[in-house]
Amino acid sequence: MKVVCALGSSLVSLVVSAPALAAASLSGAGATFPAPLYSRWISDFEKVNPETKLNYQPIGSGGGIKQFIDGTVDFGGTDAPMTDEQIAKVKGNVLHVPTALGAVVFTFNVAGVQKPLNLTPETACGIAMGKISTWNDKRLLSLNAGVTLPSAPLTFVHRSDGSGTSAIFTDYLSKVCPEWKDKVGSGTAVNWPVGLGGKGNDGVSGLIKQTPNSIGYVELVFAEKNKLPVAALKNKAGKIVSPSTNSVTQAFADSVAKLPSDFRMSITDADGAASYPISGITYLLVRKNMSKEVGVPLVKFIKWGLRDGQKICPSLSYAQLPAEVVSRVEKALNVIELK
Amino acid sequence: MEIATKKLLLEFMVTTQAKRKRKNIFANLVLSILAILAVSPLVAILGFLISKGIGALSWEFLTSLPAPYGESGGGMGHSIVGTFILVLFASLLGIPVGFGAGIFLAESSKESRFASIVRLCAEMLAGVPSIVVGLFAYFVAVLPFGGFSAFAGGFALSVIMIPVIARTSEEILRLVPVHVREAGLALGLPRWQVVMRIVLRGSRKGLFTAVLLAVARASGETAPLLFTALNSRLWSFSATQPISSLPVQIYTYATSPSEEWHQQAWGGALLLVLLVLGMSLFARFLFSGKKYGT
Chain Z
65 MKVVCALGSS LVSLVVSAPA LAAASLSGAG ATFPAPLYSR WISDFEKVNP ETKLNYQPIG
125 SGGGIKQFID GTVDFGGTDA PMTDEQIAKV KGNVLHVPTA LGAVVFTFNV AGVQKPLNLT
185 PETACGIAMG KISTWNDKRL LSLNAGVTLP SAPLTFVHRS DGSGTSAIFT DYLSKVCPEW
245 KDKVGSGTAV NWPVGLGGKG NDGVSGLIKQ TPNSIGYVEL VFAEKNKLPV AALKNKAGKI
305 VSPSTNSVTQ AFADSVAKLP SDFRMSITDA DGAASYPISG ITYLLVRKNM SKEVGVPLVK
365 FIKWGLRDGQ KICPSLSYAQ LPAEVVSRVE KALNVIELK
Chain C
3 MEIATKKLLL EFMVTTQAKR KRKNIFANLV LSILAILAVS PLVAILGFLI SKGIGALSWE
63 FLTSLPAPYG ESGGGMGHSI VGTFILVLFA SLLGIPVGFG AGIFLAESSK ESRFASIVRL
123 CAEMLAGVPS IVVGLFAYFV AVLPFGGFSA FAGGFALSVI MIPVIARTSE EILRLVPVHV
183 REAGLALGLP RWQVVMRIVL RGSRKGLFTA VLLAVARASG ETAPLLFTAL NSRLWSFSAT
243 QPISSLPVQI YTYATSPSEE WHQQAWGGAL LLVLLVLGMS LFARFLFSGK KYGT
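Those protein sequences? They're chains Z and C, same order as listed.
Sequential numbering from 65 applies to the first sequence in the numbering used here.
Sequential numbering from 3 applies to the second sequence in the numbering used here.
Hints may contain errors.
[What the hints assert, rightly or not] PhoX-like cross-link-like pairs, simulated, lysine-lysine; straight-line CA separation at most 25 angstroms:
#1 Lys356/Z - Lys245/Z
#2 Lys375/Z - Lys155/Z
#3 Lys356/Z - Lys155/Z
#4 Lys25/C - Lys263/Z
#5 Lys273/Z - Lys25/C
#6 Lys289/Z - Lys356/Z
#7 Lys289/Z - Lys54/C
#8 Lys155/Z - Lys130/Z
#9 Lys291/Z - Lys207/C
#10 Lys245/Z - Lys291/Z
#11 Lys303/Z - Lys263/Z
#12 Lys298/Z - Lys239/Z
[What the hints assert, rightly or not] Pair ranges (Cβ atoms, derived):
#13 Glu149/Z - Gly148/C: 20 to 30 angstroms
#14 Thr275/Z - Leu64/C: 37 to 47 angstroms
#15 Ser391/Z - Gly280/C: 51 to 61 angstroms
Keep in mind the hints are simulated off the structure, nothing from the lab.
Quick caveat, the model's predicted, so the values are computed rather than measured.
Quick reminder that beta carbons are idealized off the backbone N, C-alpha and C, glycines included.
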């Protein structure tokens with residue numbers, strides 16, 4: 065009994081003394097894709113602002129939006145902007161802050177082929193629709209002169225779980241492939257016409273490694289970290305472009321003229337000659353009306369991320385925001401009202 | 003009976019006995035193999051975890067915060083502390099309720115309808131998938147308070163612990179012989195004193211075992227914490243802030259793109275398994291050869 069009492073009282077003192085220990089502590093949750101980048105940002109930011117403590121947890125874009133709507137987090141994270149219905153649920157009290165860019169890349173497992181393959185919108189469409197069923201299909205051979213492609217059947221691998229990666233991938237296919245738009249459509253999870261499903265980037269890449277003559281899609285960060293062979297893709301301007309942090313930033317830069325004031329935009333299939341076509345924006349979700357305790361450190365962190373944070377991006381395989389976008393986002397932050 | 007018939011009968015008995023012996027050996031063999039198969043996953047899991055995880059374990063791993071992405075080192079110190087805090091909260095909420103229910107069940111007569119309903123409910127609660135418990139706790143302890151918190155995580159874990167404690171403590175309290183209770187009553191002790199001074203006091207070790215088993219069960223749970231305690235990259239000692247725990251930290255690291263974080267996830271998994279197995283073994287050791295009053 066004495067032990068229990070001692071435990072209880074020490075716990076109470078623990079809880080009571082806690083606020084003194086912890087400085088302003090903000091919590092956020094959402095998209096998995098930018099979580100490693102944010103962990104680095106937060107750590108570097110805290111070195112110069114030790115009084116602020118931030119916590120971001122990867123629970124997925126859908127989870128991030130839901131928790132933001134439910135008000136359980138101080139900020140959310142998502143790879144797909146909120147829909148109009150979702151924005152209505154928070155009565156418009158949300159600002160989408162672009163923080164970094166990502167891309168979806170094709171990776172493959174064909175014996176003897178290590179060099180990057182070349183693909184076009186038509187062949188990407190054919191592979192995902194199941195119309196291109198062998199590796200020595202004429203459309204693939206003509207794009208990849210000098211590469212020996214086998215006559216083996218081609219297996220397509222996709223995500224089985226709901227994912228921002230799939231959302232960007234299917235958004236791209238819906239733009240370049242009318243048949244895909246009619247029969248499948250875009251979203252975090254769709255009815256795949258063909259192929260095997262793997263959970264997460266690691267699930268997809270694992271499945272590709274195990275399955276000879278397979279091809280699938282993963283995030284650029286994941287492909288670079290794991291040194292997977294990737295395919296270059298012909299963009300809207302007709303140029304074949306390799307996925308890289310530069311060609312992804314370019315895709316956003318080429319779309320800046322069309323960028324709406326709320327920053328909700330798709331940058332797949334962008335116009336410019338140097339842009340990689342399957343690119344996407346990741347956002348932080350913040351409220352336009354916030355308390356000072358939350359708002360002051362959060363805005364400070366976002367401003368830091370837009371300037372200093374951007375410089376860290378390429379070294380971690382994340383694509384930077386174009387400079388023009390950074391200044392527009394900084395201006396947009398002025399709408400935030402602190403009470 | 004004629005000699006020939008006797009001989010025939012004897013032969014028949016000898017052959018059937020040999021047959022039975024063979025059958026017996028065969029059945030024994032099959033069952034032994036199945037028994038080995040049944041325990042081999044434990045051996046395999048332990049072997050696998052040790053080979054993958056031992057490399058990640060270090061003093062830094064046990065005592066420091068996670069390193070940010072792209073930097074090496076770091077650890078799970080905050081998750082270890084967080085797991086203990088969560089289990090402490092869960093125990094404070096769950097042990098009194100669990101014991102109360104256990105005492106009630108043990109003291110009520112076997113025929114009591116209400117007691118059998120309570121027992122049935124406790125069993126059903128123990129069978130509720132832990133992710134459902136997590137969702138329940140999200141609606142009860144996260145949404146109304148407007149945020150993820152260690153308190154909500156402890157609440158979710160306590161829901162897991164309560165039926166375990168209630169059922170185990172009932173079994174243990176029922177071990178107290180009727181004549182011992184009657185002896186107390188015969189001396190003129192009121193019932194509550196019999197329960198407090200004789201039944202509970204004599205079952206201390208057993209009750210501690212019940213707590214240990216429930217704690218072991220709760221400290222390995224991931225699903226109830228995902229949407230209640232969330233996770234944190236900070237040292238947290240507050241009931242109202244998100245807090246880290248070993249299972250959730252392992253889950254987060256295992257699904258990340260970083261090879262170094264995968265390593266840390268293995269280390270964390272090894273630590274968690276050692277913690278849970280250690281508690282279960284300790285509980286068994288305490289309760290071995292358990293009789294009333296020991």
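To see whether the hints hold, each was checked on the structure:
1. Lys356/Z - Lys245/Z: 45 angstroms, violated
2. Lys375/Z - Lys155/Z: Distance ~35 angstroms between lysine 375/Z and lysine 155/Z Cα, so the pair is violated.
3. Lys356/Z - Lys155/Z: Distance ~20 angstroms between lysine 356/Z and lysine 155/Z Cα, so the pair holds.
4. Lys25/C - Lys263/Z: 48 angstroms, violated
5. Lys273/Z - Lys25/C: 48 angstroms, violated
6. Lys289/Z - Lys356/Z: 39 angstroms, violated
7. Lys289/Z - Lys54/C: With Cα atoms ~20 angstroms apart, lysine 289/Z and lysine 54/C stay inside 25 angstroms; holds.
8. Lys155/Z - Lys130/Z: Between lysine 155/Z and lysine 130/Z the Cα gap is close to 14 angstroms, so the pair holds against 25 angstroms.
9. Lys291/Z - Lys207/C: 56 angstroms, violated
10. Lys245/Z - Lys291/Z: The hint is violated at about 32 angstroms.
11. Lys303/Z - Lys263/Z: 32 angstroms, violated
12. Lys298/Z - Lys239/Z: Measuring from Cα to Cα gives roughly 14 angstroms; hence the hint holds.
13. Glu149/Z - Gly148/C: 20 to 30 angstroms: 22 angstroms, holds
14. Thr275/Z - Leu64/C: 37 to 47 angstroms: 40 angstroms, holds
15. Ser391/Z - Gly280/C: 51 to 61 angstroms: Check passed, 57 angstroms falls within 51 to 61 angstroms.
Checked against the numbered hints above, the structure breaks hints 1, 2, 4, 5, 6, 9, 10 and 11 and satisfies the rest.
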